[in-house]
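In order, the protein sequences belong to chains A and B.
The first sequence begins at 1 in the numbering used here and counts up one residue at a time.
The second sequence begins at 1001 in the numbering used here and counts up one residue at a time.
Don't read these hints as lab results, they were simulated from the structure.
The beta carbon of each residue, even a glycine, is placed where N, CA and C say it ideally should be.
Treat the hints with care, as some may be off.
Claimed, not checked - Stretch-level coverage of chain A by chain B, calculated; a stretch enters the list once three of its residues show a Cβ under 8 Å from a Cβ in chain B: (1) 55–63; (2) 148–161; (3) 188–195; (4) 198–205.
Letter by letter, the chains look like this.
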Amino acid sequence: MATWRMGTSRPADDTTSRSNPELSHRVRSLVFLPAVSAVTRPAVSANGLVPSLEICGLHKSFGPLEVLKGVDLKVAHSELVFVLGPSGSGKSTMLRCCNRLEEPDFGEIFIEGDLITGRGVNLNAIRQRIGMVFQAFNLYPHLSARKNVTLALRKVRGMRWDESNAHAMEALDQVGLADKAESYPSELSGGQQQRVAIARALALEPQVMLFDEPTSALDPELVGDVLEVMRNMKAAGMTMLVVSHEMNFAREAADRVIFMDQGQIVEQGLPAEVFGFPRHERTRAFLSRVKGM
Amino acid sequence: MDRIVDQFFNLEIMVAAWPTVLQGLGMTVLICLAVIPMGLGGGLLAALGSTARRHWIRWPVVVFVDFFRAIPPLVLLIFVYAGLPFAGIRLSPFAAVVIAFFLNNSAYYGEIFRAGIQSVGFGQTEAARSTGLSAIQTLTHVILPQAVRNVLPDLLSNTIEVIKLTSLASVVSLAEMLYSADMARSVTYNASPIVLAAGVYLVLLWPLVRLVSRFGRGLAT
Ligand SMILES: Nc1ncnc2c1ncn2[C@@H]1O[C@H](COP(=O)(O)OP(=O)(O)OP(=O)(O)O)[C@@H](O)[C@H]1O
Ligand SMILES: [Mg+2]
């Protein structure tokens, strides 16, 4: 297990790492190599930049239940990575480890090259750099939409009242809800609530956005608005890691699709590859099950 | 009939007893002003302790709360005032009342706050922490406002209970309203001062009782 603890230093002159991580991922999944961590770091992506999000050898157990069994994942700048997999495969747990809502047992996670796991990390500082959107929205019901957004701006960012308001209005405008700024969550539809939740995360100007089934709690006719907002975010260059069941959205908007099962990334590739020509038996079984629904 | 009016509703005696009763009311208010904020504060701490994740914080607090909820407040008060001197701790009636009520109220308010905190879903904490709010900021800006709102009727009805219980202070000769009225009774040999005090309690508490009922779910403990 010690190997996953290693490699926290990131020597800049490591030339072996200057390969294309997309490619190496693809190669790795082609030959079904077990995910090996601490090999290709510090990873540098195709455009020569450090990945926005990098997960290395992530392990997490709840008691005897091993939920994540060594997950490696790099998300390049402005990339939208779509995660799917059966219930209980560890998708949420992986996401929650990325902003330390869940404490990883082993492994490292980097945001823009900065190690965010381990001791001595300022959690409240790094969490501003990682936005998270929850299935259940989790808006503060006692605050208006605008105040849902301004709370962290004022308390975490230390913005003044007027500054935070201007910032919040901008974020609400981005999700198309500037006119609902003074509404309380109970006065908003599910889709609107989720968009306010996105604005709340967006207002902190995160470097990565995590979405955990953002549309699963919504009525079908409200899903489109939320996906539209996510599409716009992608167009604006946001780095996004999205757990969802919206296959059509994945086909059209995702740069890469990850299939997770039993705590591991089983397969990944372009949406057309994974959906059209799943290589792994488990992926095939899952996709046919989902299509059958 | 005249006898009843003369014994219980004697205006002349009520007027004569009024300054004494009023003075007692002043002391009752003073006790409330000391005891209610302290109880709310202690209750909040007790609630935080009894919802703590670390068990070595949680279980002593749970024992504290259970203990002081089980002890009758009158027993507690007499113990603090008349029992502790045997251990060399001699307290003024006022101090004894404040300490006894602080312990009792903290336990009761604590249970109410705990229910309130637990009524707020964990998703709220996660959402707040995910935006970088600290644990304390999450508590003060996200959890507590919702928790208090959820248990406001219970907080209010417990406060009514506390105000009524201040009359227990009469047993340690603290000259609050009941004690004063009873003094007036023994001097005038007439029950009217007691009726007067009861009337003052009624006038003060009735609006609060109505308010609790307005909330839709009254809880009298
Ligand atoms: N806090 C926890 N304590 C104990 N077990 C947990 C905890 N959180 C998750 N688990 C377990 O870990 C496993 C993976 O959970 P996770 O939520 O990551 O799955 P998921 O892939 O997101 O599934 P779903 O599609 O149902 O959301 C499940 O078996 C779950 O019961
Ligand atoms: Mg999940």
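Now for the hints, and whether the structure bears them out:
no. : hint    : verdict
1   : 55–63   : violated (count 0)
2   : 148–161 : holds (count 4)
3   : 188–195 : violated (count 0)
4   : 198–205 : holds (count 3)
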